[in-house]
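*Asks:* Residue strings, one per chain:
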Amino acid sequence: MEDEHLISKKDVLEKMGISYGQLYRWKRKGLIPEIWFIRRSTFTGQETFFPEDKIVERIERIKNMKGEHALDDLADVISEHVNAKIQIAFGKLKHLGWFDEDLGRAAGIVIVGNDDGTLSLRDALRLAVLKKLRRSARNEEIDLASRTLDDVIGKSGIDPSVVDGKTLHLFRKQLSGAGISAEISVIIVAGDKLTADPELNRIESVDLGGMLQQVKLDLAACCDSDASKNEGSVNQSDGREEHE
Amino acid sequence: MSEEKRSVSVSGAGVIDGGSYSRVSISGAGKISGDLYAEELKMSGAGSVNGHCEVVHLTISGTGKFTKDVIADEMKVSGVAKVDGAVKVKELKCSGTFRAAESISSEYVKVSGMLHVGGDLESEIFRASGGFDVRGLLTADRIEIHPGGRCRAQEIGGAKIDVRRYGNRDRAGLLDSLMRALSSAWGGEVEAALIEGDEIYLESTRADVVRGKQIHIGPNCKIGLIEYSESLKVHDDSDVEKQTKI
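So the protein lines, in turn, are chains A and B. Take 1 as the starting number for the first sequence in my numbering and just add one per residue. Take 1001 as the starting number for the second sequence in my numbering and just add one per residue.
The shape of chain A in the complex, shown without the other chains (with noise of 0.2 Å):
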């Protein structure tokens, strides 16, 4: 993996503006990754460090879910027990950058019905993995990533342990004598250090761990927008009544 910058727990809260019992509450809602927190000792004794632009990133998104409800609703969608069965409907996800319907029927995706339809946590993190991938990847080496997705992740619910730190990588080599040349495609899942022979070409990467969360705050990000339209509307009616 590429070295990251790095920061250090006491500098997070400061720079954030949060409190160790905020931080530590995340951390325990599983808001923040177990993998990001990186322990070293150093001349001032043991410290806690994180990769300062994911951890920047998160906390901001953290700070602008409104209220403790929906820090919540967020935690419960990350929680293991909704995990398994969380289902959201398509016509709230269309906005989301991960989000293809085309894709999602060439994985193989049930597709049910068309905006009501729902997609559970294990198809989103799918989709969103595939849909990163398109960028370089050809139709074939899709259905390759596809299906070794199924492997990793297995065939139903999700377990956030068997993603995190993981990462799925798609190389490509190059094949060539008496002048026939020809290019195979592979895709790896592996933990945090892979060493390829040289002539292998690496063409994309993805992080499962971070890919995950990041759907789960997306879908929780939709939970919330919805919630706050429904209470907006609301108001707008009983003002309409007064006007009358």
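These are computed hints drawn from the structure, not numbers from a lab. These numbers were taken from a predicted model, which means no experiment stands behind them. Ideal placement from N, C-alpha and C gives every residue a C-beta, glycine not left out. Some hints here could point you the wrong way.
Restraint-style ranges between C-beta atoms, simulated for each label pair [claimed, not checked]:
hint : chain 1 : residue 1 : chain 2 : residue 2 : range
1    : B       : E1241     : A       : D11       : 39 to 45 Å
2    : A       : N64       : B       : G1028     : 55 to 61 Å
3    : B       : K1245     : A       : E57       : 26 to 32 Å
4    : B       : D1073     : A       : E60       : 34 to 40 Å
5    : A       : N64       : B       : E1241     : 39 to 45 Å
6    : B       : H1057     : A       : A190      : 40 to 46 Å
7    : B       : E1039     : A       : K173      : 26 to 32 Å
With a cut-off of at most 25 Å between alpha-carbon atoms, the simulated DMTMM-like pairs for lysine to aspartate or glutamate come out as follows [what the hints assert, rightly or not]:
hint : chain 1 : residue 1 : chain 2 : residue 2
8    : B       : K1233     : B       : E1155
9    : B       : K1222     : A       : E47
10   : A       : K10       : B       : E1230
11   : B       : K1242     : A       : E47
12   : B       : K1088     : B       : E1040
13   : A       : K10       : B       : E1199
14   : A       : K10       : B       : E1227
15   : A       : K10       : B       : E1124
16   : A       : K63       : B       : E1199
17   : A       : K27       : B       : E1107
18   : B       : K1233     : A       : E47
19   : A       : K63       : B       : D1141
20   : A       : K15       : A       : D53
21   : A       : K29       : A       : E57
22   : B       : K1213     : B       : E1227
23   : A       : K9        : B       : E1241
24   : A       : K9        : B       : E1227
25   : A       : K29       : B       : D1162
26   : A       : K27       : B       : E1155
27   : A       : K27       : B       : D1236
28   : B       : K1242     : A       : E14
29   : A       : K9        : B       : E1040
30   : A       : K29       : B       : E1144
31   : A       : K63       : A       : E4
32   : A       : K29       : B       : D1133
33   : B       : K1068     : A       : E57
34   : B       : K1213     : B       : E1191
35   : B       : K1213     : B       : E1199
36   : B       : K1222     : B       : D1208
37   : A       : K10       : B       : D1239
38   : A       : K27       : B       : D1162
39   : A       : K15       : B       : E1199
40   : B       : K1005     : B       : D1073
Use these hints to put chain B onto chain A, whose structure you have.
*Replies:* Relative to the frame of chain A, chain B by itself:
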């Protein structure tokens, strides 16, 4: 629900198949083979569940062994319990001995006996008057410890952390003085490599590093390094090697 769930009790020696039950009670020696789903499980003899265990109320006053995860709303251990998988409960009360090989996540934890955790212990509120040994992180919004034995965690983190001997509050009742005498006889002490919180009060604590906003170190502490951002008070009977305002 279309069919009524069965209740079952073992008072001699017996094996029960896993499955869904209303109430399960083991007062002799009983083994449940397979995953168990029940409203209530009581083990007052020697019981074991060889499988995943998901119940609403779980009471262990004898010995209980669980080979996989335990999920419950309420778990009470007054005997001896051992769980090889993860523990997910809303409320845990341990006045006996409880060994969890993996992690415990709960909303409320009260320990007056002894609690061993192989991984992390997460809760909203954590109260201990007994002892504990948490190999990973002990985290809760509120952590209140009256060390009544050896209290050890690799790391302790939360909003408010309060460690104090019994009897050091304003009250001076009989129970308090008794508890104070007992806890000093047992040499109750908290040990951690790292303690982090917003408001920290410590007594009888040994820690390598303590970090927080408002830190108050009471008597009988030995701390390697304190990093604080707002305020720091240190009792004369405590030893702090180094302190820095950050």
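*Asks:* Decide, hint by hint, whether the structure agrees.
*Replies:* Hint check:
no.	hint	result
1	B:E1241 / A:D11: 39 to 45 Å	23 Å, violated
2	A:N64 / B:G1028: 55 to 61 Å	57 Å, holds
3	B:K1245 / A:E57: 26 to 32 Å	29 Å, holds
4	B:D1073 / A:E60: 34 to 40 Å	35 Å, holds
5	A:N64 / B:E1241: 39 to 45 Å	41 Å, holds
6	B:H1057 / A:A190: 40 to 46 Å	44 Å, holds
7	B:E1039 / A:K173: 26 to 32 Å	58 Å, violated
8	B:K1233 / B:E1155	22 Å, holds
9	B:K1222 / A:E47	19 Å, holds
10	A:K10 / B:E1230	13 Å, holds
11	B:K1242 / A:E47	16 Å, holds
12	B:K1088 / B:E1040	16 Å, holds
13	A:K10 / B:E1199	15 Å, holds
14	A:K10 / B:E1227	10 Å, holds
15	A:K10 / B:E1124	22 Å, holds
16	A:K63 / B:E1199	22 Å, holds
17	A:K27 / B:E1107	14 Å, holds
18	B:K1233 / A:E47	23 Å, holds
19	A:K63 / B:D1141	18 Å, holds
20	A:K15 / A:D53	12 Å, holds
21	A:K29 / A:E57	17 Å, holds
22	B:K1213 / B:E1227	8 Å, holds
23	A:K9 / B:E1241	22 Å, holds
24	A:K9 / B:E1227	12 Å, holds
25	A:K29 / B:D1162	22 Å, holds
26	A:K27 / B:E1155	14 Å, holds
27	A:K27 / B:D1236	36 Å, violated
28	B:K1242 / A:E14	21 Å, holds
29	A:K9 / B:E1040	43 Å, violated
30	A:K29 / B:E1144	21 Å, holds
31	A:K63 / A:E4	23 Å, holds
32	A:K29 / B:D1133	23 Å, holds
33	B:K1068 / A:E57	36 Å, violated
34	B:K1213 / B:E1191	20 Å, holds
35	B:K1213 / B:E1199	6 Å, holds
36	B:K1222 / B:D1208	8 Å, holds
37	A:K10 / B:D1239	24 Å, holds
38	A:K27 / B:D1162	21 Å, holds
39	A:K15 / B:E1199	20 Å, holds
40	B:K1005 / B:D1073	19 Å, holds
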